[in-house]
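Visitor: As a plain string of letters, each chain reads:
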Amino acid sequence: MRIERRLAQPRWLMLVVPLLSLVVAFVVATVILLATHHPPLHSFRRLFDAAFLANGALTETVVSATPLAFTGLAAAVAFRMNLFNIGAEGQLYAGAITGATMGLLLGGAPSPVTIAVMILAGSAGGALLAAIPGVLRAFFSTNEIITSLMLNYVMALVIDYLIFDSHSYLRETKGFNASVFPQGKQLPDAATWSSWTIHGLVLPLGFLVAIGVAVGLWFLYSRTRFGFEVQVIGDSARAGRYAGMRTRRKILAVMLLSGAVAGLGGASQDGDFRHQLDPRGLTQANYGYTGIVVAALARYNPFAVVVVAFLLGGLQNAGYTLQGADFPNGLVGVLQGLILFCVLGGELFVRYRIRFERRPSTAAPATQ
Amino acid sequence: MTRGRKLALVLPVLAFAGVAVLALGVAAGSARSHKQAATFKAAWIYVGPHDDHGWSQAHDQGRLYVQKHLGSKVETTYKELVPEGPQTCQVIESLVRDGNKLIFATSFGFQDCMVSEAKKHPDVDFEQATGTALSKNLAEYFGAAEDAIYLSGMAAGAASKKGVIGYVVPFAIPEVIRHANAFALGAQATHPGAKVRLIWTNSWLDLSKEKKAAQALVSAGCDVLGQNVDSPATGEFAESKGVPWVGYDSNAQTFAPKQWLTAAIYNWGPYYLRRVKAAMNGTWKSGFYYGSLNDHLVGLAPYGKKVSAKTKRAIAAKKAALMSHKFYEFAGPLHDQSGKLRVKKGQKLSVHQLYAMNWLVKGVIGSPKG
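So the sequences go chain by chain: C and S. Everything in the first sequence is counted per numbering that gives the first Met the number 0, starting at 0 for the first residue and increasing by one. Everything in the second sequence is counted per numbering that gives the first Met the number 0, starting at 0 for the first residue and increasing by one.
I should point out that these hints are in silico values taken from the structure, not numbers from a laboratory. It should be emphasised that the depicted structure is a prediction, and the values quoted were computed from it without experimental measurement. Glycine residues also receive a C-beta, built at the ideal position from the N, C-alpha and C atoms. Watch out, some of these pointers could steer you wrong.
The calculated label-pair distances, taken between Cβ atoms and stated as ranges, are [stated by the list, open to error]:
#1 C:Val349 / S:Lys135: 50 to 58 Å
#2 S:Gly338 / C:Ser167: 25 to 33 Å
#3 S:Lys284 / C:His166: 36 to 44 Å
#4 S:Tyr288 / C:Val349: 53 to 61 Å
Work the whole structure out from these sequences, hints included.
Guide: Set out below in structure tokens:
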């Protein structure tokens with residue numbers, strides 16, 4: 000038995016392998032559930048119900064999916080170039096800070112203006128933070144994984160500082176409630192991002208913007224010279240340089256783009272859902288790190304990122320619905336982990352195939 | 000046809016079959032789900048794990064108390080490790096969808112979602128611990144833990160030789176500030192002039208930060224440790240270093256069998272039972288409940304071996320005085336860190352003032368801003 004690389008990756012495999020991986024995950028999950036005395040079918044039904052089927056569940060899933068779509072896209076953009084921006088977490092905080100600041104500053108402005116400025120400010124905030132590891136990588140060959148990761152911790156401290164340890168512009172200081180627990184200033188109504196309701200499904204502006212960003216990124220990477228060059232450099236930076244591509248500029252540009260998308264996710268948290276700068280909630284949610292999983296599951300394809308974010312958002316919500324007095328939280332984690340592990344592991348079968356034979360075949364040359 | 004090809008043909012069929020079986024299971028399951036439950040359903044939301052040996056566990060003990068007393072008449076559940084923000088709203092939504100008619104949220108950060116969900120579901124009753132928002136179907140509850148913390152501070156003061164006590168604290172908010180003040184005043188009652196050194200962790204529950212804080216406090220010369228955070232990590236460290244320890248929230252004696260002094264603990268069970276019963280028979284009313292030593296919502300955990308008989312007698316006397324209102328730790332004269340008189344002789348701080356307390360009493364080392 001040996002494993003060899005597939006010469007061609009047929010399209011049907013792209014669909015069948017993940018589906019089959021899911022089936023495997025559910026079979027293993029069934030065994031675990033039976034072993035721990037939980038009814039498997041009932042558990043699976045609750046999982047699906049909570050994520051997609053129940054009344055209002057889809058709306059909640061979109062709420063959870065929106066930040067993951069942004070951080071997933073942020074990761075996908077950079078990873079495509081083999082540029083490992085692990086800093087979406089911190090860039091999202093940065094976007095949340097700049098977005099909320101602009102929302103508050105523009106207190107009396109008309110809503111569309113405020114929202115547009117918040118979007119721009121959020122992107123700028125994320126991009127600015129990403130510029131630090133970007134410049135270091137492009138001009139000093141510093142490992143961007145380390146620098147972007149470290150900045151996450153820095154930003155977590157900054158966002159805490161703004162609300163808990165200082166009387167910053169973003170902190171609410173008036174009123175009894177604010178004296179009981181430090182909190183961000185409530186954003187004005189004009190800074191509440193619009194949402195649309197279709198058959199009971201509430202679509203927040205942020206989610207639609209994420210879809211728009213996905214379309215834009217797809218166009219950029221598959222239809223423009225910029226995208227082509229980025230992918231060449233990603234495959235072989237040296238080949239790119241020989242071909243006269245400006246590697247440093249591309250690294251910086253992709254890093255900025257990645258940061259901007261993550262920052263946009265932060266502004267969407269302010270405008271769509273939280274309506275104030277919420278350090279405790281944002282630092283508990285781990286959107287940036289989950290976004291890396293989203294990007295990997297989606298094979299860095301922007302459209303797939305949105306779909307995977309949606310599925311993962313559902314899975315996350317389902318987890319909270321499933322856990323309880325009779326269903327330990329650890330078991331929820333096991334089920335979620337199983338599903339992710341099987342789907343990611345199934346990847347192997349898209350790119351490789353297993354051959355059962357005694358001797359290597361003479362007909363099919365195994366090329367590497 | 001090679002084996003690989005055959006497999007390739009079989010795979011999609013298998014996949015389809017698997018998905019179909021799942022779908023059938025789901026359909027069959029949902030058909031069953033529509034039967035109406037006769038039992039009353041109540042739920043609790045925790046910010047940490049239900050078995051954190053601290054704050055959340057105290058609430059979960061209360062939930063189990065309700066379940067034990069009402070048996071099959073109620074079905075209780077909980078959601079743990081719930082992040083604050085939109086996820087909280089989603090969790091509450093799913094609890095309402097599951098048919099829960101009374102929902103207790105046990106962290107301040109859940110309040111915004113409790114307010115919006117209470118508005119959305121007028122047929123469900125909500126209770127928020129440690130918060131301030133009230134509406135027709137949203138009640139508030141908490142306890143005068145400061146009284147019990149004062150008593151636990153007395154045990155800490157008596158155990159300290161140098162008169163420098165470390166206190167691991169989460170957030171620089173009035174709740175924690177009044178607890179730290181009560182602790183310091185208690186310590187000063189048994190050890191005049193005692194100092195209480197604070198280290199903020201900026202988290203309710205963070206085992207590694209709590210341990211580091213404890214470490215830093217001991218190296219800064221503290222010979223007794225206390226805490227206002229949720230986990231017993233401080234206690235484990237205290238045990239390993241032979242430093243006496245005062246816990247918080249739950250009885251965590253097992254984590255420091257030798258060094259355990261006592262802890263201010265919550266006993267939420269009776270309150271929860273009253274509220275669940277009221278909701279069941281339709282007499283539930285919104286309101287603000289501030290439990291005390293008298294109604295046993297707060298109290299002291301059993302003493303450890305290190306507490307002397309003399310200290311026990313002194314604490315018992317103060318406890319009796321507190322319960323008969325002859326004594327109150329937040330009665331003047333009280334000075335702040337800089338020595339400024341904050342509460343005049345003959346004055347007492349009200350609960351409203353306690354809820355907004357933003358200054359530390361004399362003898363506390365640390366900033367009330369975190």
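Visitor: Next, verify each hint and record whether it holds.
Guide: Results for each hint:
Look at Val349 (chain C) against Lys135 (chain S): about 56 Å separates their beta carbons, and that is inside 50 to 58 Å. For the pair Gly338 (chain S) and Ser167 (chain C), the supplied restraint of 25 to 33 Å holds, since their beta-carbon distance comes to about 29 Å. Between Lys284 (chain S) and His166 (chain C) the beta carbons are some 38 Å apart, a value that agrees with the proposed interval 36 to 44 Å. Checked against the hint of 53 to 61 Å, the C-beta distance between Tyr288 (chain S) and Val349 (chain C) comes to roughly 59 Å, which is consistent with it.
In terms of the numbered hints stated before, the structure departs from none.
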